[in-house]
Structure formats: structure tokens, C-alpha cells
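Student: Protein sequences, first through last, are from chains H and S.
Going by the working numbering, the first sequence runs without a break in its numbering and finishes at 302.
Going by the working numbering, the second sequence runs without a break in its numbering and finishes at 1302.
Simulated from the structure, these hints should not be mistaken for laboratory data.
Fair warning: this is a prediction, and the values are worked out from it, not measured in the lab.
A few of these clues could be false.
Claimed, not checked - For the chain H half of the interface with chain S, some residues (derived, Cβ under 10 Å), not all of them:
#, residue
1, GLY81
2, PHE86
3, LEU95
4, PHE98
5, ALA123
6, THR124
7, THR125
8, VAL153
9, ARG156
10, ALA211
The beta-carbon is built from N, C-alpha and C at its ideal position, and this holds for glycine as well.
The chain contents come next:
2 protein chains.
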Amino acid sequence: MKVVELSGGVGGARMARGLAALEHVDLTVVVNVGDDLPTHGLYVAPDLDTVAYTLAGMEGPHGWGRDGDTFVTNNELARFGLDIHFQLGDLDLALKIFRTHRINGGSTLSEVTDSIRSSLGIATTILPVTDDPVRTRVTTTEDLTLTFQEYFVDRRHRDRVKQLEFDGADVAHPAPGVLEAIESADVLIIGPSNPPLSIWPIIAVGGVEQAVRGHPRVIAVSPLIGGKALRGPADLVLADLGLGSGTSGVLAAYRELIDVLVVDTSDQADAGEVGGVTIVALDTHIAQRLQAERLARAILSL
Amino acid sequence: MKVVELSGGVGGARMARGLAALEHVDLTVVVNVGDDLPTHGLYVAPDLDTVAYTLAGMEGPHGWGRDGDTFVTNNELARFGLDIHFQLGDLDLALKIFRTHRINGGSTLSEVTDSIRSSLGIATTILPVTDDPVRTRVTTTEDLTLTFQEYFVDRRHRDRVKQLEFDGADVAHPAPGVLEAIESADVLIIGPSNPPLSIWPIIAVGGVEQAVRGHPRVIAVSPLIGGKALRGPADLVLADLGLGSGTSGVLAAYRELIDVLVVDTSDQADAGEVGGVTIVALDTHIAQRLQAERLARAILSL
């Protein structure tokens, strides 16, 4: 069974791990690159790396970075006056140095991503949604315009969001294989990522939204549990953007894109049929591999 | 008293530490860049870093790298198929990342070197001999042409040397301040570095040889002790290039450049006057800071 998942960082990566564990699934993960930002000249791609590390079973205790990593280089960068808010672990730095070296040498992001996949022993196909630069830009209610890292890491997503822009998305081309994977997938899953911040920059890339709309079986997993984000600001951003709160906010963010929305059993009251979307309640706690595998199995048998 | 030292790596760096410790000395160290080579896309400048770390009292136990460094990132790079012969420590990587970031952003090597000097709390002026690329190339008697790192690190200087070339030196300009420092120095010291491998690529840069020849007081310190190199292949390279062995090899390498040659007391038999050069024997063991300071004081009172 061919399955494609659209994924942001931690939540989407955990969903991918569950899907990848199913024997009958041939999985391709299409990953957000809107958060990618050069850091000290290194090519940092937070969502791609979280997906790769999680699929390789190497992810850090909070879902990002490498398990058991240290921060010797990162902390020493402060000596030279560099901003070390964005913590780069020593093990993780090897991947960043490798990617930067290859990209500067003329490789595309998807070529390097596939080398990384292979080096980490991952069987699942991982595709950046595009090889072209797309940069998420957050405008706050106080009219600050921030990069994703400034908003999310430096300022700990405490600002209220007025507007999101995905610079470059209008001229970006999908990476090789992205549209083909979506079109040939039996099921297209939108992982439990932040809908505006992680999924919108994926579908903003030329042709991707159309491919998702044209797909006969699109199942989204809500990132909310009891109407709130487990981590990060998904519920706040949905409200800030006027999309509404809880399940209805997620539904509004995915309007005309999805056929099924999976919500957590804590939001069971929202189950039913809304505007042509079937809302199904399942246990969406997937921090553990077996939980993710169970949810993946349940989703694919809907 | 204005003193300029021409320096390669470990030996020259230790000499610089001794000179810098003298209260009446205003020291500028002009450093070889012929060994600089991009490594995994990072701007590695071995001699500049050894000089800086040694002046800051942070050098590693073998004279290069950082004291107490670890190699987490370096070892992890092997996972991605990168060659990790050239060991980059985690603390040391912070400097490399900083320099690469600044150079890629348009700073010159001498500007970044001065930032590093300041970040490490060093008072001594450190100048790369040039901001332009100069690359030492070693041709072996078996007609292999090697970069300095291939010759020195990967193959552990086991090849016999037929020829040295300093690619780019003929079109390189001295970095800002280099010629001025040499011209205004009361004493010009050539540190106990490998004459052909570390000092020749300095004087090969346009105008530097002329400035050294024109200087009234040039004192070289032989890197040999008992006629042999303490570390590295200086004695072998001198012989390979047909310059001769022991003190006479060093004299031949510095022909028409120097007024005084300081040899170790173990080579006391060579003291005297040869072809207009005064050869003086002093204790040139300078691994310890106090030894280096004593030698510096003795040289400046010659």
C-alpha cells in the first residue's frame, strides 16, 4: 500500500515512524522546509532532520536533535559572539556540516536528504517538499516580522500571530518525486503537525495544493489533544489567524483539502460529519513507537 | 622594542609565546597559510590556529588543537562517508565554523584572524601573511603531487620530497600590515619552523622576501636539535631538497635572508661565522612557557 505523509517536525515524524513500522506500507514522507535557515553558515533543516532521526530511532528526548548529544561546539560558539539560542548538538553538527558541504558543492537538498537517509540506515523515502528556498515569515500583532526561528526558538512562540507568509513558495518547484508520490499514493496522510506553520508551507509550493485537493483519500491527523496543542503553539496560531479553536480550527485550516480528520479520543465529542469531512476519534498519543504504530494501523483501516 | 616573527605551526607558536611574555616587546606574528585547506567545507588554517591557541594558553597537549578537546562531531562525520584523518576537535570546530561563516560573508582572513585574536583575549598582533589563497603542493620522488594535508596528515610525511610549490603565492598580496610590520621591526625573527615547508611559503608571497632581505637584523631559530627535527620532517625535507643536513641545511634554506642563526646547544659545534651569518648556540627547547621566554630574552639580547 503506497502511503504519503505530509510532515512537519516532531508530531509528523512520530506518525511517520508508526507508518514505517507497518509491513504492508510503502511510505514516502514529504517534509516542510519553511523552517530551514542558515545558522552560522550551516544549512539547518529542522523538520527534515527530526523526521530522519526519528525514523532512525536516534531522536533526542524531546523529539528533536540526537539522542545523547552534547553541546561542546555550540557553547563555544558564544566565545566568538555568535547567537547560540538555536542549540546545535555535536552529533547533530556532523549532519549539518555534511549537508552544508554537499549543498555548497552543488547537490540539491533532496539529493543530500537521500544520502542522509541512506547513511542513517532508513528505508523510508524522505523528500523535502522542494529543493528551492521557502522561508516561513511570521508577522505578529505588533507588526514584527520574524523568521520562523526567531518566532519559535528565540522568542519561544510567545507572540500573537497576525499573518504567515511563505517566501519563495510561489516560485518554488516541488522536489523530484513529490507530485508523483502524492498522485500515486493510495492514501495521503497529513501528520499531526501545526496546520498553518508546518503544513501550509508544504502545500504552498507550486502544484502541491492542487495534487492534495485532487487526491481521493486525504486523512489529516489533528495535532490537538483536548483542543490544545501538546507542544508548540498550534491552538494559539489557529485562533490568532481567526480559524477558530479546537477541532473546528483544524478543519478550517484544512478546508477543501481533506476527506477525513482524525481527532484524539479526548475530542470524541467532535466526531461526525462536518462539511463533507468525516471526523473520527482515535488515540493520537504517539510519543511511543508502539502507540504510533497502532494509530497508523487504525488510520489505514478506516 | 618592535619584534616581528615569521611563524609556521607548533615551533613558531611556542617561540611567539616566549616573545609575547617579554614586557618590552611589541610583537607581531606573521603566519604561514600554505597549509590552509577547506575540510568538509570548513576553512581550516592550521598554523594560524596553533599560533592563536598557543598565545591564548589553550593549545592541545601535542601543540596543536585545543586543550581538553573531544572529537564527537569529527568521529560522527565518518557516518556520512567523510574522511576524518584530519581530526577536528569539538571546541576547535567552533573557531572553524566562525571563520568559515565570516569568510563566506565577505570578511578577509586577516579581519577574521583579528576577531579570533580578540575573542581569545590575545594582545599580540597575528597576521596571516596574505588574505589571498596560497597552497603548498608537495611533489614526491615518486611524482605524486600532494596537498600539504595529504602529505603531512594523511600520509604522515613518509614520502620523499622532490619539489615544493606554493600555488598562488606569485599573485598573492601581503595582508594589510605585513610589509609595514616587517619594515618597522627592530628585530625580525624566523621561528623554529620547518624552513622549506613553513617559512618558504611566507616569503614566497609578493614583496615579503624583499622586505626580509632588506631588513637589517634577521635572526632565524633552527628547528633542529642535534641535527634532527624534534617533530615533523624538517631534516628530511632539507636533505631531500639537496640543501644538506643539520645546521648547514638550515643555512642553505635561509641563504641571503638572515644575519644570525640560533642553533641548539646540542649543535654547539656549528657555532661561528659562515658566509656572513653568525651562528649562535642557545637552548632551543621551548615546549614550556618559561623555556620559550628565556630563549626569547637571550635572542633579543644577542
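Student: Decide, hint by hint, whether the structure agrees.
Tutor: Verification of the supplied hints:
no. : hint   : result
1   : GLY81  : holds, 7 Å
2   : PHE86  : violated, 13 Å
3   : LEU95  : holds, 7 Å
4   : PHE98  : holds, 4 Å
5   : ALA123 : violated, 17 Å
6   : THR124 : violated, 18 Å
7   : THR125 : violated, 19 Å
8   : VAL153 : violated, 18 Å
9   : ARG156 : violated, 25 Å
10  : ALA211 : violated, 32 Å
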